[in-house]
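Residue numbers (my numbering), protein chains in the order written: chain A, 1 to 258; chain B, 1 to 289; chain C, 1 to 559.
Possibly wrong hints are sitting among the right ones.
If we take Cβ atoms under 7 Å as the criterion, some of the chain A residues that face chain C in the derived model are [to be verified]:
#1 21
#2 25
#3 42
#4 43
#5 61
#6 65
#7 157
Chain B regions said to be covered by chain A (calculated; three or more residues, Cβ under 8 Å) [said to hold, decoys possible]:
#8 70-77
#9 243-255
Each pair of labels, with its calculated beta carbon distance range [stated by the list, open to error]:
#10 35(B) x 32(C): 37 to 47 Å
#11 168(A) x 134(C): 35 to 45 Å
#12 113(A) x 22(B): 55 to 65 Å
#13 22(B) x 203(A): 31 to 41 Å
#14 203(A) x 113(C): 17 to 27 Å
#15 188(B) x 6(A): 42 to 52 Å
Think of the hints as simulated: they come from the structure by calculation, not from any bench. Glycine included, C-beta positions come from ideal geometry on N, C-alpha and C.
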Amino acid sequence: MTARLRALPLLARYIPRTMPWVTLLTGCLTSLAIFTVLVRVAHHDQATFWLDQGTIRLSLLPAVAALAFVPYLPFRPLTRATPVPAWVTPVGHLLLAAPILALTYWAQQRIMTTAVPPHTPQDPHEPTYALIAQLVGWFAVTVAVAAWIARSRFAELAGAVAAPIAFSIIALAWYLPITAKFLVHPPAIAHSVAIGWYSIAAVALTLTCLAMRDHWHRYTRVLRRIAAPGRGRGQSGEPSSKRGDASPARGAGATVAR
Amino acid sequence: MSVTVSTEAVRVDGLSRRYGAVRALDAIDLTLERGITGLLGPNGAGKTTLLSVLATVSEPDAGRVSVFGLDPGDAAERVEIRRRLGYLPQELGYHRHFTVAAFLDYVAILKEITDRRRRAEEVAMVLTVTGLEDRARSRIRTLSGGMRQRLGIAQALLGAPDLLILDEPTAGLDPEQRLRFRELLSELPGDPAIVLSTHQADDIAAICPRVIVLLNGQVRFAGTPAGLAGTAAGQVWAADERDNGAHLSWRGGDGRWRHIGEQPPAGAELVSPTVEDGYLLVSHAAGTR
Amino acid sequence: MTGAALPGPALPGPVPQGAGAAAAGPVMAQPRLRIVLSLARIEAVRIGRGWLVLGGLLGGVLLIGAWYWSGQVQPLWWEAGWRIGGGQLILAMAMLAAAQLAAGRSRRDGMADLYASFPATAGLRTLALLASLAGAVPASLLMIAAGVVTVQLDGPIGAPSLMVLVAGVVLVLAAGAAGIAIGTRFPHPLAGLFGALVLFLPAATTHLLPGSARWLLPWQVIQDQLGSLPGPLTGYPPAGAHAAELAGLAIAAAIVAVLMTARSGRARAWLAAGGVLAAAVICFAGTAQLEPVPTAELNHLATEMADPASAQHCDTAGQVRYCLYPGFGRELSSVAAPVNKVLALLPVRPSPTLTVRQVLSVDFTDAGLTRGQAQQQISRWLAQTRDAPGTVAATSAIYLTAGAWPASGGSLTDADFNVALAAADWAVGFTAGGRIQPYPPRDEAREAVAIWLAILATHPPAGELQQGVTRQGFSPRPRSGSQPGRPAFFSIWFYPDGGAGAVTAPGPQVIPASEYLLAKAMTGLPERRVNQVLKDRWATWVSARTTAAQLAAALGVTS
């Protein structure tokens with residue numbers, strides 16, 4: 001454990017270098033560019049009263065798409081065989097991505113404040129904390145989907161698979177009447193929205209942890225079953241006899257099965 | 001947590017692994033000692049799956065694995081195995097913008113080589129033994145395919161592993177590098193256990209004291225290369241004409257036909273079997289069962 | 001047992017006489033068209049069966065289904081075609097991402113060098129990819145079929161516009177071509193996702209854009225004004241020009257894709273000429289879309305809005321006049337049902353005749369509708385429609401907004417309840433002037449009676465009704481020079497899906513919760529007993545001065 005802890009600060013040098021910066025920054029800058037264009041168009045068309053938190057949410061979709069590419073690690077087959085857990089690097093990447101996403105959101109808010117004079121109620125029914133909860137939920141869902149995709153046979157395509165799935169989940173949560181009742185304002189109240197999306201984020205975080213855990217967890221479960229009294233094989237620790245009709249070897253010390 | 005390390009390298013008992021309906025490994029039993037063990041088998045035989053299980057990357061569906069007496073099913077013991085492990089996957093994947101030295105340094109940290117001086121020494125050593133010392137500052141994207149394969153071997157050698165698992169390490173290497181690789185493996189200090197999968201029977205014959213033939217997820221032969229060659233003793237013939245009655249026939253580089261079969265064709269002469277002959281006969285026997 | 005020949009290395013052995021000529025002779029070149037078609041067939045199958053396109057198809061069908069199966073949208077064909085196009089937009093996004101992945105596959109997988117060694121050039125492969133977009137046409141047609149069936153099952157008004165439906169198919173093809181153009185240059189999968197979002201975001205933010213420019217976007221999913229029209233309007237929206245624009249964009253994207261891979265100078269010259277042609281088509285189609293809607297059409301619309309009677313057909317049933325626009329006649333039975341049920345429950349029927357009238361809610365300030373019209377003309381239309389029926393409530397009329405009945409914003413049950421409540425409000429004597437209530441609202445027994453009648457007539461879910469109870473605060477208006485008083489809180493009740501059906505009725509806008517609670521208690525009493533109490537002193541109970549507490553006392557309701 002000590003050796004692993006000692007490795008962490010040393011890895012800090014490499015985690016930023018393995019981070020998909022270009023992808024993430026492209027996503028965030030595209031979000032900002034889209035938001036700026038929308039604000040400009042609305043301003044030009046004297047339609048700034050239409051600018052609301054929905055505009056921020058929609059224009060953040062490219063950043064969400066880029067985030068779906070972050071948890072993927074190119075040489076995962078190797079890192080899974082090293083004593084330092086394979087999740088360290090993706091988690092480091094996500095920690096690095098968090099302030100970038102927060103910065104993007106903050107910049108959007110600044111642009112919004114510039115476009116719309118202070119104290120102008122844009123959307124009085126939806127406080128900022130509810131919007132932040134929604135965005136945290138979106139990001140967490142995206143990361144969870146991406147983490148599971150990175151574990152699957154679609155890992156090579158990474159975010160290209162994860163982002164559409166994440167968007168579909170978000171859209172379903174948003175538009176299904178049964179979930180919209182708790183997650184979208186209106187009809188839900190801001191507190192309910194915040195609690196709902198933070199709950200989703202917590203579930204997504206749990207799923208992310210499950211996706212990033214070591215691949216041997218299933219084996220452990222099987223072992224427990226095998227270790228149960230009266231079940232399984234090899235209880236004595238001795239290897240069981242070879243399968244098949246193994247015949248004596250023609251060469252020295254060899255075994256051939258036919 | 002303290003763990004006891006066994007001198008026996010790997011013991012596998014009833015190991016099975018499925019991918020959907022495909023049974024990649026079918027109740028395999030194996031014991032591997034220190035030294036080099038070659039793994040032969042056609043594509044899809046289960047070699048990569050077996051190696052990834054031994055490398056603690058994939059989990060089996062059933063069976064037991066013990067590496068140096070450690071159980072990879074136990075989280076702490078699994079980490080202990082990984083501390084003694086060098087692994088070259090079949091498809092490694094790289095951060096192409098990294099330099100060679102930086103990549104090795106990164107992997108060394110992942111292998112918990114946290115002492116800076118020791119890490120630098122390890123990196124320099126593996127660069128030297130793989131002949132990449134003059135490319136240490138090159139970016140990975142500028143390396144040729146063979147050089148990347150050597151880089152993969154280099155990262156596996158980091159930390160002087162007790163168990164070296166190499167999945168087709170000689171693929172993409174030129175003849176000189178293959179010879180150098182054989183030399184390197186046979187001269188590794190500390191007598192590590194090495195498992196390498198390959199399609200090159202001559203690699204096996206040259207460096208492996210033990211060989212395992214894996215077919216359809218099952219072990220079909222386990223013994224010495226001489227033993228594998230011996231399975232074809234008295235059944236390999238050379239002739240000028242093709243013999244349709246033979247189990248296997250092919251034309252060699254000298255233009256003569258080589259036959260494997262129990263009955264000699266007309267005018268044929270008995271020749272000494274090679275590891276490849278033995279492997280082909282075992283494969284054929286498995287295919288006709 | 002037969003011998004099996006192993007594939008050994010190809011060695012320079014003795015070659016039979018005569019065979020060398022054939023071996024070393026020129027290899028017959030395959031016709032380029034055949035190569036393109038063969039590759040296209042493979043790619044079309046890959047794209048068409050890919051999870052992205054199948055997911056897009058499913059998503060699009062679900063979106064269309066969500067609109068119509070939930071009964072939240074009235075099936076008007078002049079709008080439904082564009083909504084089906086909304087489903088096509090989802091498919092188009094998936095198609096763009098799938099095509100980008102296909103076009104960038106060779107570079108992404110590090111196989112560009114291998115592909116470059118093949119006799120089929122990069123240009124031919126791009127052409128094959130473009131041809132493979134035909135594989136998306138069945139998916140697009142399937143979505144149209146699913147959309148048409150869904151709308152038809154809902155009993156639509158009007159007839160589908162073939163041009164709008166075709167434009168949806170062209171949208172999918174244009175998105176695919178754009179995906180190939182993107183993938184040829186940018187193999188990273190994120191590029192395709194961005195392309196898909198660029199399709200989606202303008203469609204989701206059309207409210208921010210100038211009205212006249214909205215038609216230039218790839219697709220405007222929900223056309224608000226379309227759903228408020230009594231029928232199709234010539235030139236609104238300009239479907240033909242939009243389809244032409246999308247076709248131009250598809251050709252332009254295809255040309256860009258081939259230009260990036262074609263090496264021949266001659267081919268490039270032809271492509272450049274094609275590009276100019278595509279640009280011309282786009283400009284021409286764009287200009288056509290910005291052309292104003294014919295003034296005569298808008299004049300007619302303004303007249304239909306200001307004076308609905310001039311265009312509507314009226315029927316009298318059960319002493320109630322139902323006036324609906326032509327084509328909406330089939331709605332008569334669904335509108336009349338809740339009204340008749342309320343009337344049947346009334347102990348005493350009021351003498352004035354009730355009129356249930358369909359009205360228009362058209363916004364003439366929307367530049368999407370009135371683009372290119374003179375400001376003076378727009379002002380005239382605004383003045384003409386300022387006092388149109390439905391803009392304010394009337395004492396003896398219930399107004400239903402065209403396109404919003406039967407269930408805009410809610411289910412049919414909700415819409416039925418709203419109409420029933422409107423009829424009950426009329427029956428208990430509310431007038432148009434009584435809609436604006438003081439704060440806190442007056443406590444009147446007659447509203448409890450109206451709610452009771454509406455509940456008995458339509459039986460809405462009890463839980464839904466109960467959800468409408470809420471507390472509201474208001475600050476008394478401060479006297480001059482003094483601080484505002486402390487806000488007062490009181491309980492009110494509103495029907496949770498009050499927007500369903502877009503009903504304008506003479507009833508009060510704010511209802512005290514006590515009146516709903518009394519109505520709820522009345523539903524628990526024997527109907528005959530409540531009827532008797534109401535019938536005995538009907539004039540008292542429908543008086544504005546009688547409180548809910550008095551009615552409760554008369555009924556023996558204690559709490």
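Hints versus structure:
1. At its closest, the beta carbon of residue 21(A) sits 13 Å from a beta carbon of chain C; the interface hint therefore is violated under the 7 Å criterion.
2. Here the hint on residue 25(A) is broken, as its CB sits about 11 Å from the closest CB of chain C, past 7 Å.
3. With a cut of 7 Å, the hint placing residue 42(A) at the interface with chain C holds, because the nearest CB-to-CB distance is about 4 Å.
4. Interface hint status for residue 43(A): violated, as the beta-carbon distance to the closest one in chain C is roughly 9 Å, over 7 Å.
5. With its C-beta approaching chain C no nearer than about 5 Å, residue 61(A) sits inside the 7 Å limit, and its interface hint holds.
6. Below 7 Å, beta-carbon pairs count as interface contacts, and residue 65(A) has one with chain C at about 4 Å; its hint therefore holds.
7. Interface hint at residue 157(A): satisfied, since its Cβ lies 6 Å from the closest Cβ of chain C, which is below the 7 Å cut-off.
8. Restraint check on the region 70-77 of chain B versus chain A: 5 residues with Cβ-Cβ distances below 8 Å, three needed, restraint holds.
9. Proximity of the region 243-255 of chain B to chain A, defined as three or more residues with a beta carbon under 8 Å from a beta carbon of that chain, is not established by the 0 residues found.
10. For residue 35(B) and residue 32(C), the Cβ-Cβ distance of about 58 Å falls outside the hinted range of 37 to 47 Å, so the restraint is violated.
11. For the hinted restraint 35 to 45 Å between residue 168(A) and residue 134(C), the CB-CB distance of approximately 26 Å leaves it violated.
12. Checked against the hint of 55 to 65 Å, the C-beta distance between residue 113(A) and residue 22(B) comes to roughly 58 Å, which is consistent with it.
13. The hinted range of 31 to 41 Å is satisfied by residue 22(B) and residue 203(A), whose Cβ atoms lie roughly 33 Å apart.
14. Look at residue 203(A) against residue 113(C): about 45 Å separates their beta carbons, and that is not inside 17 to 27 Å.
15. Taken as a hint, the range 42 to 52 Å is violated for the pair residue 188(B) and residue 6(A), whose Cβ atoms sit roughly 26 Å apart.
Going through the hint list in order, the structure does not satisfy hints 1, 2, 4, 9, 10, 11, 14 and 15.
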